[in-house]
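Could you build all of it, start to finish, from the sequences and the hints given here?
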Amino acid sequence: MAFDLFAKENDLLQAAHNVFASGSHEDVLAYAQRLVSQLAESMQDNQHLTRHSDRQQKKLVDFNHNLKTQAVELEKQRKSFEDLSQKLGKYLSPQVHDAIFSGRQDVQITTRRKKMTVFFSDIRSFTSTSESLQPEALTIYLNEYFSLLTRVALKYGATIDKYIGDAMMVFFGDPDSKGEQEDAWSCVAMAMEMQEELAQLKAAWRRRGFVDPFQTRMGINTGYCNVGNFGSDQRLTYTIIGAEVNVAARIEAEADPDGILISHETYAHVADHVRVEPRPPVILKGISRPIQTYAILGRSETLTSPVQIQISTAAGAAVDSQAVDVTDDMRQQIVKELRTLLQRFEHSAVQP
Amino acid sequence: MSNANIIIEATDRTPQLQVLFDQGELRVKGESYPEDVATFYGPVIEAVRQLTASCAEISANFELIYVNSSSMKALYRIFEVLQQKKTEGGVITIAWKFEEDDDVMQELGEDFQDRFPELTFLMTTL
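Those protein sequences? They're chains A and B, same order as listed. At position 253 of the first sequence (counting the first as 1) the number is 253 in this note's numbering, and the numbers step up by one without a gap. Add 1000 to the 1-based position in the second sequence for this note's numbering, that's all there is to it.
If you are wondering where the hints come from, they were derived from the structure by calculation, not from laboratory data. Do not rely on the hints blindly, as some may be mistaken.
[As the list claims (entries may be wrong)] Below, simulated DSSO-like cross-link-like pairs (lysine-lysine); rule was C-alpha separation at most 30 Å, straight line:
#	chain 1	residue 1	chain 2	residue 2
1	B	Lys1073	A	Lys336
2	B	Lys1097	B	Lys1086
3	A	Lys76	A	Lys90
4	A	Lys115	A	Lys162
5	A	Lys114	A	Lys178
6	B	Lys1097	A	Lys59
7	A	Lys114	A	Lys285
8	A	Lys90	A	Lys115
9	A	Lys76	A	Lys114
10	B	Lys1029	A	Lys8
11	A	Lys58	A	Lys68
12	A	Lys87	A	Lys76
13	B	Lys1073	A	Lys178
14	A	Lys79	B	Lys1097
15	A	Lys90	A	Lys155
16	A	Lys79	A	Lys90
17	A	Lys285	B	Lys1086
18	A	Lys178	A	Lys90
19	A	Lys162	A	Lys285
20	B	Lys1029	A	Lys59
21	B	Lys1086	B	Lys1029
22	B	Lys1029	A	Lys58
23	A	Lys155	A	Lys115
24	A	Lys79	A	Lys155
25	B	Lys1073	A	Lys59
26	A	Lys58	B	Lys1086
27	A	Lys285	A	Lys115
28	A	Lys162	A	Lys90
29	B	Lys1073	B	Lys1097
30	A	Lys76	A	Lys58
[To be verified] Partial pick of chain A residues on the chain B-facing surface, computed with a CB cut under 8 Å:
#	residue
31	Phe3
32	Leu5
33	Glu9
34	Leu12
35	Gln14
36	Ser42
37	Asp45
38	Asn46
39	Arg51
40	His52
No residue lacks a Cβ here, since even glycine has one placed at the ideal position from N, Cα and C.
Next comes the structure, spelled out in structure tokens:
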């Protein structure tokens, strides 16, 4: 027979039929006594059951409330951690930040040897230029300058290593890489776009009164470097070191103002994309071998869009020569147009 | 013929349960809210009846975390069997164990003590 939780109660109810059927007064009296006793017992059971059920209900409600409170607290902590991560992320190259937080990059002191393309830039005669500016203006111009360089660097996937005063160092090849050749071309293309955008920025500066804006030198080299975490357990820096890094820095110092100078190793990867002017090999201080370098003249393809020459009407009018990247035919055409424009200005006192 | 010990492992909804005939012991530990209390506790109550029939001294240990209402009804049936054995001269020892901060289980043990005054529940914190 299957177990019945209410067997006693059911038995008592069943017995009632027999008792009433018997018609015996003694049987009915005995049954009534059993009934009262069972009723008292059932009432006590019900009270216990109800109380126990209420206690457990309250415990569950309190538990649920605590869970909700903890969930709110956890969400606050998660948000706080996310905010902190974003703030700290500004001090790291985005790729390094992402690599650490995704688990791809560890924070141990480890390095690896890889072929990298390294880029240096700085501002020619920064010290004398900065002395001629008010500190507030210098800050504004420098911020705009570095914002531009940084934006273009990130656009091309560069890992921004550091800013040192007016200098900037970035590299390609770690933590992300598209291969040696593509990394080298990305770096050179980045540098060219930087110089193109800087030309426009300088034109805007001249209109704002900065008559002799920054001239930027850029140097690029490709070679094997050690890349990774350097430092101690307490303080790490993610960077690259090696002789090829020093070569890039020295090449940059030899670049023309507003120019890009690349090493032979870099040129070997990008020769199909750029027009260059070979420079005599230079002996760089501290580097034993002579370094063959090439000045970037422009992209291999001929310009098809109209050349725009910006002439400032403020004191210190200048033609922004870096915006001009033309063939000989086009150069002659520009000279002819300029002569015509010059004649118009010379013969008209009021309106050109 | 001696009865074989009954050992039932705990599940998400039912407690670990042991009826040890060779030691005269009943052990119940864990959470109890079975889907079908009759199916789970029916054989257990019958086993406790057989335990009281074969052993003069019985030790019952309860270490429960959660007990739903129908399980409580089943525990009443078990204590009724033990109380009957006590009335017949048997020696029944009941240990009711609970976590120090679990006032729900403590009060449940006290309720059982009220309900079965002939039995002695030894209340012990874990």
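Verification of the supplied hints:
{"no.": "1", "hint": "B:Lys1073 x A:Lys336", "in the structure": "108 Å, violated"}
{"no.": "2", "hint": "B:Lys1097 x B:Lys1086", "in the structure": "21 Å, holds"}
{"no.": "3", "hint": "A:Lys76 x A:Lys90", "in the structure": "22 Å, holds"}
{"no.": "4", "hint": "A:Lys115 x A:Lys162", "in the structure": "19 Å, holds"}
{"no.": "5", "hint": "A:Lys114 x A:Lys178", "in the structure": "13 Å, holds"}
{"no.": "6", "hint": "B:Lys1097 x A:Lys59", "in the structure": "19 Å, holds"}
{"no.": "7", "hint": "A:Lys114 x A:Lys285", "in the structure": "24 Å, holds"}
{"no.": "8", "hint": "A:Lys90 x A:Lys115", "in the structure": "27 Å, holds"}
{"no.": "9", "hint": "A:Lys76 x A:Lys114", "in the structure": "42 Å, violated"}
{"no.": "10", "hint": "B:Lys1029 x A:Lys8", "in the structure": "27 Å, holds"}
{"no.": "11", "hint": "A:Lys58 x A:Lys68", "in the structure": "15 Å, holds"}
{"no.": "12", "hint": "A:Lys87 x A:Lys76", "in the structure": "16 Å, holds"}
{"no.": "13", "hint": "B:Lys1073 x A:Lys178", "in the structure": "71 Å, violated"}
{"no.": "14", "hint": "A:Lys79 x B:Lys1097", "in the structure": "42 Å, violated"}
{"no.": "15", "hint": "A:Lys90 x A:Lys155", "in the structure": "16 Å, holds"}
{"no.": "16", "hint": "A:Lys79 x A:Lys90", "in the structure": "17 Å, holds"}
{"no.": "17", "hint": "A:Lys285 x B:Lys1086", "in the structure": "103 Å, violated"}
{"no.": "18", "hint": "A:Lys178 x A:Lys90", "in the structure": "24 Å, holds"}
{"no.": "19", "hint": "A:Lys162 x A:Lys285", "in the structure": "23 Å, holds"}
{"no.": "20", "hint": "B:Lys1029 x A:Lys59", "in the structure": "20 Å, holds"}
{"no.": "21", "hint": "B:Lys1086 x B:Lys1029", "in the structure": "23 Å, holds"}
{"no.": "22", "hint": "B:Lys1029 x A:Lys58", "in the structure": "23 Å, holds"}
{"no.": "23", "hint": "A:Lys155 x A:Lys115", "in the structure": "21 Å, holds"}
{"no.": "24", "hint": "A:Lys79 x A:Lys155", "in the structure": "28 Å, holds"}
{"no.": "25", "hint": "B:Lys1073 x A:Lys59", "in the structure": "20 Å, holds"}
{"no.": "26", "hint": "A:Lys58 x B:Lys1086", "in the structure": "35 Å, violated"}
{"no.": "27", "hint": "A:Lys285 x A:Lys115", "in the structure": "23 Å, holds"}
{"no.": "28", "hint": "A:Lys162 x A:Lys90", "in the structure": "12 Å, holds"}
{"no.": "29", "hint": "B:Lys1073 x B:Lys1097", "in the structure": "19 Å, holds"}
{"no.": "30", "hint": "A:Lys76 x A:Lys58", "in the structure": "27 Å, holds"}
{"no.": "31", "hint": "Phe3", "in the structure": "3 Å, holds"}
{"no.": "32", "hint": "Leu5", "in the structure": "5 Å, holds"}
{"no.": "33", "hint": "Glu9", "in the structure": "11 Å, violated"}
{"no.": "34", "hint": "Leu12", "in the structure": "14 Å, violated"}
{"no.": "35", "hint": "Gln14", "in the structure": "18 Å, violated"}
{"no.": "36", "hint": "Ser42", "in the structure": "11 Å, violated"}
{"no.": "37", "hint": "Asp45", "in the structure": "6 Å, holds"}
{"no.": "38", "hint": "Asn46", "in the structure": "10 Å, violated"}
{"no.": "39", "hint": "Arg51", "in the structure": "7 Å, holds"}
{"no.": "40", "hint": "His52", "in the structure": "6 Å, holds"}
Checked against the numbered hints given earlier, the structure breaks hints 1, 9, 13, 14, 17, 26, 33, 34, 35, 36 and 38 and satisfies all the rest.
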